[in-house]
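Protein chains in written order, with my numbering: chain A, 512 to 995; chain B, 107 to 227.
A few of these clues could be false.
What the hints assert, rightly or not - Think about it this way: if two alpha-carbon atoms lie no more than 35 Å apart in a straight line, the pair counts; the simulated DSBU-like pairs of lysine-lysine are:
hint, chain 1, residue 1, chain 2, residue 2
1, B, 216, A, 936
2, A, 936, B, 119
3, A, 882, B, 201
4, B, 201, B, 188
5, B, 219, A, 809
6, B, 212, A, 827
7, B, 134, A, 808
8, A, 936, B, 209
9, B, 216, A, 808
10, A, 728, A, 717
11, B, 119, A, 879
Claimed, not checked - Beta-carbon label-pair distances, calculated as ranges:
hint, chain 1, residue 1, chain 2, residue 2, range
12, B, 121, A, 753, 46 to 54 Å
13, B, 131, A, 903, 56 to 64 Å
14, B, 115, A, 905, 31 to 39 Å
15, A, 904, B, 185, 27 to 35 Å
16, B, 134, A, 903, 31 to 39 Å
Said to hold, decoys possible - Partial selection, computed: residues in chain A whose CB lies under 8 Å from chain B:
hint, residue
17, 698
18, 765
19, 769
20, 770
21, 774
22, 775
23, 783
24, 787
25, 795
26, 798
27, 805
28, 873
29, 880
30, 923
Because the hints were derived from the structure by calculation, they are not lab data.
Glycine included, each C-beta is placed from N, C-alpha and C at the ideal position.
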Amino acid sequence: MNDQTAKEPHVLNKRERSMIAHQEMPLRPPQTRIHSFDEVPIGYSDEQARTESLRCLHCTTPACIGACPVGIDIPGFLRLIEQGNPGAAAKKIRETNFLPAVCGRVCPQDKQCQAVCVVGRRNIPVGIGNLERYAADYERTHGLFEIPDIKEPTGKRVAIIGSGPAGLSAAFALAIEGHEVTVFEASHRAGGVLVYGIPRFRLPIKVIDEDIRFLSKLGIRFVYNMVIGKILTLEDLLYREGFDAVLIGTGAGLPRLLNVPGSNANGVYSANEYLTRIYLMEANRFPNYSTPVFSGKKVAVVGAGNTAMDVLRTAKRLGAEPTCYYRRSHQEAPARSEELKHAEQEEMNWRWLSNPVEFIVDEDNFVKQIKCERMVLSEPDETGRQKPVPTGEFFVEECDTVVMALGCSVNPIIPSTDAEIRTNKWGVILVDPTTCQTSKTGVFAAGDAITGGSTVIQAMGQAKKAAAGIHEYLMGKSNSALKA
Amino acid sequence: MLITTNDGSAGLKGFVTDALLKVLEREKVIYVLAVGPVPMMKAVSEMTRALHIATYVSLNAIMVDGTGMCGACRVTVGGETKFACFHGPDFDGHKVDFENLTKRQKMFAKQEKIAFDNMHL
Numbered sequence: 512m513n514d515q516t517a518k519e520p521h522v523l524n525k526r527e528r529s530m531i532a533h534q535e536m537p538l539r540p541p542q543t544r545i546h547s548f549d550e551v552p553i554g555y556s557d558e559q560a561r562t563e564s565l566r567c568l569h570c571t572t573p574a575c576i577g578a579c580p581v582g583i584d585i586p587g588f589l590r591l592i593e594q595g596n597p598g599a600a601a602k603k604i605r606e607t608n609f610l611p612a613v614c615g616r617v618c619p620q621d622k623q624c625q626a627v628c629v630v631g632r633r634n635i636p637v638g639i640g641n642l643e644r645y646a647a648d649y650e651r652t653h654g655l656f657e658i659p660d661i662k663e664p665t666g667k668r669v670a671i672i673g674s675g676p677a678g679l680s681a682a683f684a685l686a687i688e689g690h691e692v693t694v695f696e697a698s699h700r701a702g703g704v705l706v707y708g709i710p711r712f713r714l715p716i717k718v719i720d721e722d723i724r725f726l727s728k729l730g731i732r733f734v735y736n737m738v739i740g741k742i743l744t745l746e747d748l749l750y751r752e753g754f755d756a757v758l759i760g761t762g763a764g765l766p767r768l769l770n771v772p773g774s775n776a777n778g779v780y781s782a783n784e785y786l787t788r789i790y791l792m793e794a795n796r797f798p799n800y801s802t803p804v805f806s807g808k809k810v811a812v813v814g815a816g817n818t819a820m821d822v823l824r825t826a827k828r829l830g831a832e833p834t835c836y837y838r839r840s841h842q843e844a845p846a847r848s849e850e851l852k853h854a855e856q857e858e859m860n861w862r863w864l865s866n867p868v869e870f871i872v873d874e875d876n877f878v879k880q881i882k883c884e885r886m887v888l889s890e891p892d893e894t895g896r897q898k899p900v901p902t903g904e905f906f907v908e909e910c911d912t913v914v915m916a917l918g919c920s921v922n923p924i925i926p927s928t929d930a931e932i933r934t935n936k937w938g939v940i941l942v943d944p945t946t947c948q949t950s951k952t953g954v955f956a957a958g959d960a961i962t963g964g965s966t967v968i969q970a971m972g973q974a975k976k977a978a979a980g981i982h983e984y985l986m987g988k989s990n991s992a993l994k995a
Numbered sequence: 107m108l109i110t111t112n113d114g115s116a117g118l119k120g121f122v123t124d125a126l127l128k129v130l131e132r133e134k135v136i137y138v139l140a141v142g143p144v145p146m147m148k149a150v151s152e153m154t155r156a157l158h159i160a161t162y163v164s165l166n167a168i169m170v171d172g173t174g175m176c177g178a179c180r181v182t183v184g185g186e187t188k189f190a191c192f193h194g195p196d197f198d199g200h201k202v203d204f205e206n207l208t209k210r211q212k213m214f215a216k217q218e219k220i221a222f223d224n225m226h227l
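Take these sequences, add in the hints, and give me the full structure.
Next up, the structure:
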């Protein structure tokens, strides 16, 4: 694109910029979107994107950059959109974040860059996430992806375990440095949580696949159906397969479950199982795909976080009448405000202050009812938090499917198969905070495996740090494993 | 090696437990490992329980990813929920809740039939 054609009379001053109205992200209407897995936010038009980008005040010391876990030059890329050059904006984002189309869609901007945006003090903050998505989509749909320059081969080989956000980011950073990178993925397709855990109506599969293709073009090798810790151990990778360093990016995928009567009944799923069956194994297309899912008419979803919203909305699309059960109230729901809003637009049933105490089963052990105790919120404690307190009052409702969306713990396979990998009592892998090296020499870790569960962008930020740590280790500058 | 078949077309006519009983009568056994269908592993565990012979069973609970991620394969062992893929697949047969496992194995019986028919074998 020729940016000389950008029709700009003069560079707007701050006052003029602050007068510009915020551009709402256009959404598919709830009545139609609940019948398809198409993405709900349609994306900004060119005009909307330019208008929104003009709202940036270009602060002398932009707080947004510091609030971004990977430090994207936000005002820099907004300026390029403003100048009518979204392709260059995408390239600018890629200097620090190689998954912009993903992050523009799933980052909690309202807790990061947009939370500190100066415009947001008196008005709606600049739609940074929407603009990041716009630039990335423009780049993808116009075929502007560029393979970055790769340094001379170092002859060093790195194994990356897991192809989620952490693994992919580290693979990218290490490949650019000239290392030979192999990514081991347990399932049959790359992307980790982006594929199995985030619904297509929030993150279309083509966005992820395009990024994987991009990585393949950098010479990164993907090995699928390979469970490290079971098929090959860390020792195998280091001493038999001859890798010089290993990165663990296996995430936090171990589901937490309620331990109440009926938890192991038929039709009671973890959110991971429910979403994996549908999004990774395509159970919604059963029997054309051979993995089934039993998703009935009355789907009870336990929890009110982002994943619970994903499950509610997925169940709705499979024709169910979903109900959300949460032991606290609407105000305490941990989901992003936007996810909650989108779920509410799609008309779910909500049972706030309802704590499931039993899943009642039929004679074949299939769940048929959910029994809940009504809760009330306590007076706020010293920290201001109100706790849910049982009332001794119960109610029972019909359901034929239960999905527990109660969060996840760190995947235990690798720590449990290598005694040198040290974890804390929650199974979180311990690493040196500057290099991300674990207690085992040459083995590094990043992402949810070292936090116990965070966001895509946090995982990417750590992966970058880990990649730098691995690079230093490989080039002989540092080689000490985490002590004590 | 003792072979058993239901119809007697090879080896002993009968079930695995019939062969096991023969061995138990013949010699002192201190450890039994059962690998196979759930009803067989259940029957073996029941037989050895009374005799206090340590028995391990290798459970083939329904799994999706097999990496500890989904919990489809959860089984109740000694009153606790375990994931067969990650904590197992081998468990103390005397502690496994076979009743729950048997019912969970039938969770997708209808869909399995549809998928099978759809393969047009």
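For each hint, the structure was consulted:
no., hint, verdict
1, 216/B to 936/A, "42 Å, violated"
2, 936/A to 119/B, "52 Å, violated"
3, 882/A to 201/B, "28 Å, holds"
4, 201/B to 188/B, "12 Å, holds"
5, 219/B to 809/A, "24 Å, holds"
6, 212/B to 827/A, "26 Å, holds"
7, 134/B to 808/A, "55 Å, violated"
8, 936/A to 209/B, "34 Å, holds"
9, 216/B to 808/A, "17 Å, holds"
10, 728/A to 717/A, "16 Å, holds"
11, 119/B to 879/A, "42 Å, violated"
12, 121/B to 753/A: 46 to 54 Å, "49 Å, holds"
13, 131/B to 903/A: 56 to 64 Å, "58 Å, holds"
14, 115/B to 905/A: 31 to 39 Å, "57 Å, violated"
15, 904/A to 185/B: 27 to 35 Å, "29 Å, holds"
16, 134/B to 903/A: 31 to 39 Å, "57 Å, violated"
17, 698, "6 Å, holds"
18, 765, "5 Å, holds"
19, 769, "10 Å, violated"
20, 770, "7 Å, holds"
21, 774, "7 Å, holds"
22, 775, "6 Å, holds"
23, 783, "5 Å, holds"
24, 787, "5 Å, holds"
25, 795, "13 Å, violated"
26, 798, "4 Å, holds"
27, 805, "7 Å, holds"
28, 873, "10 Å, violated"
29, 880, "17 Å, violated"
30, 923, "6 Å, holds"
Checked against the numbered hints listed earlier, the structure breaks hints 1, 2, 7, 11, 14, 16, 19, 25, 28 and 29; every other hint is satisfied.
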